[in-house]
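Enquirer: Sequence:
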Amino acid sequence: RVEGSEAAHARVVASYRQTVLSAFRGVEDQLAATRVLLTQQDLRRQASQAADQVEQQVLNRYRSGQVSYTEVITAQATALSARRALVQVLADRQTTAVALIQSLGGGWQFGQ
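Each residue of the sequence shown is one higher than the one before, starting from 2 at the first, in my numbering.
It is worth saying that the hints were derived from the structure and are not from the lab.
Some clues are possibly wrong.
Pairwise CB distance ranges (calculated) [to be verified]:
(1) Val55 with Gly106: 44 to 54 Å
(2) Arg26 with Ser82: 31 to 41 Å
(3) Ala15 with Thr40: 35 to 45 Å
(4) Ala15 with Val37: 27 to 37 Å
No residue lacks a Cβ here, since even glycine has one placed at the ideal position from N, Cα and C.
Model the full assembly from the supplied sequences, consistent with the hints where possible.
Expert: Have a look at this one:
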C-alpha cells in the first residue's frame, strides 16, 4: 500500500515537473519570437522609409519629365509592398504579445 502511494506520488510529481517545463518552454518561445519580430520590425521600417524616399524621388523626376509614369507606378507598388510588410510585422508582434501573456498565465474573459 505504501509502495502504491509512493508510485502515485512519483507520477504526480513527474507530471507537475513536465507541466512546469512545458510552461517555461512556452514563455521562452514567445520571448524569442518577440526578439526576432522586433529586429524584423526595425528592418521593415527602414525598408519602408527607403521605399517612400525612392517613391518621392521618382515622382519628382516624373514631374520634371525625366522618367515615365510606369516608373512612378513601380515605385509606388514597391513602397506599398514595404508598408504592408511593416504592418504585418506589427500585427505579428501584437499576436506574439498576446501569446506571451497567455504563456505567463494571463488571460481575459469576454466582456471585461
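Enquirer: Against the earlier hints, flag every one the structure doesn't satisfy and list their numbers going up.
Expert: Of the numbered hints given earlier, the structure breaks none, since each of them holds.
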